[in-house]
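Q: Each chain, letter by letter, is given below.
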Amino acid sequence: MSGFIEIFAFLLTGLASGALGALLGLGGGVFIVPALTLLFHLPLPVAVSSSLIAIVATSCGASATYLRQHLTNVSLALTLELSTTAGAIAGGLVAGLISHDLLFILFGLILFFTAFSMLRSVDGEQSDAESSSAGEADRPVVAADGDLPYQIHRWPAGLAATGLAGMLSGMLGIGGGVIKVPAMYLVMDIPLRAATATSSFMVGVTAVAGAFVYWNRGDVHLLVAASVALGVYIGATLASRYLQRVHNRFLILLFAVVLFYVGLNMVGAGFHLTLPGLGG
Amino acid sequence: MRERDYMMDRLLGRVLRYGSLVGLVLAFVGSVLLALQPGAAFAPGTLSAYPFSQLLGALQRGDPLAILETGLLILLLTPPAAILVAAGSYVREKRWRHVLAAVIVLLILALGMSGLKL
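Quick mapping for you: the protein sequence lines, in order, are chains A and B. Straight run, no breaks: the first sequence in the working numbering ends on number 280. Straight run, no breaks: the second sequence in the working numbering ends on number 118.
Pulled out of the complex, with its shape left as it was, chain A reads as follows (with noise of 0.2 Å):
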């Protein structure tokens, strides 16, 4: 494959990873990873590598607008990246000594996670979140003056799972902001509106951090990275533009099954099994 046709493939991938996560409300990298290792065939290190320097790019594009808006809580985010920066080192760590394969399997449970979070979204929290939503809107996010206007509880808790997340990120390339989300929206009671913000903000911290790791241990390949990184960044740019993002019911099932789908494949790369589709 000559150059340009290679630099385009990539940067096609990033654009179609970049431009769905920003409709799906998910990060880049639950698409990046299975592209690159089951349509490409990259190694799984490059592969993650490349993800997470993807995520940098948008975390910086997507927490550049939140910050503007005054909606990102950046000393509750540098806390928790205590435990989330040390676990993404760790998890970068951990994945250089750990079989692949067993990653390919961790990669598809968490792709098992994501679409059940995304069924459960339109199915039976729906009425919940109906109700708690019209709730979380008069929650204030931001304050005229003085100090937060919310109370942030759980501590411990949020911090273990942050870490957890960072973890997941440094093995898997993936943002883990559906642990993250949850966690400080669910746990330590931060404004939905808010947390998302943060976690914007942190994910591209932590990303930082694993991707420093593969690239000390050579696994950066950096056409690859680049490619993608410039095709993430463009397509989610474009994307929270021009696009609306998804709340129909029949649109968000498709992507679960789709995704539900990929991570079948995932697994199936760990277990050196091909299914129909995917990774022949």
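Treat the hints as calculated values from the structure; they're not laboratory data. The hints are all genuine.
Covered stretches of chain B, as calculated for chain A (at least 3 residues, CB under 8 Å):
{"no.": "1", "segment": "6-19"}
{"no.": "2", "segment": "24-32"}
{"no.": "3", "segment": "64-76"}
{"no.": "4", "segment": "98-107"}
Think of the CB as a built atom: it goes at the ideal place given N, C-alpha and C, for glycine as much as any other residue.
Add chain B to chain A, keeping to what the hints say.
A: Relative to chain A, chain B alone:
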């Protein structure tokens, strides 16, 4: 949230936006220049980065790989730069607990960058 926080938010937003943009543009330029090199071929394995000690020299020669690598490094150093800016802002406000958190996070990141191995 104090007025100082609003200023810090705006500053952090700018650091993140412009740092990531500069890094991505440099990385893209390096990638294109690399693809334009005669006989350029991309091995299926890893395209190795220059050691940090040799990067500046390669950059001065206009080496496309060094340009690409510098772009990615700028991108990766952007979030730590934002934390540094936040730490500076907290120092001015004498919010020492937040300064301590920022410094420890930067130290953990430095540990990750240092080539730590198990």
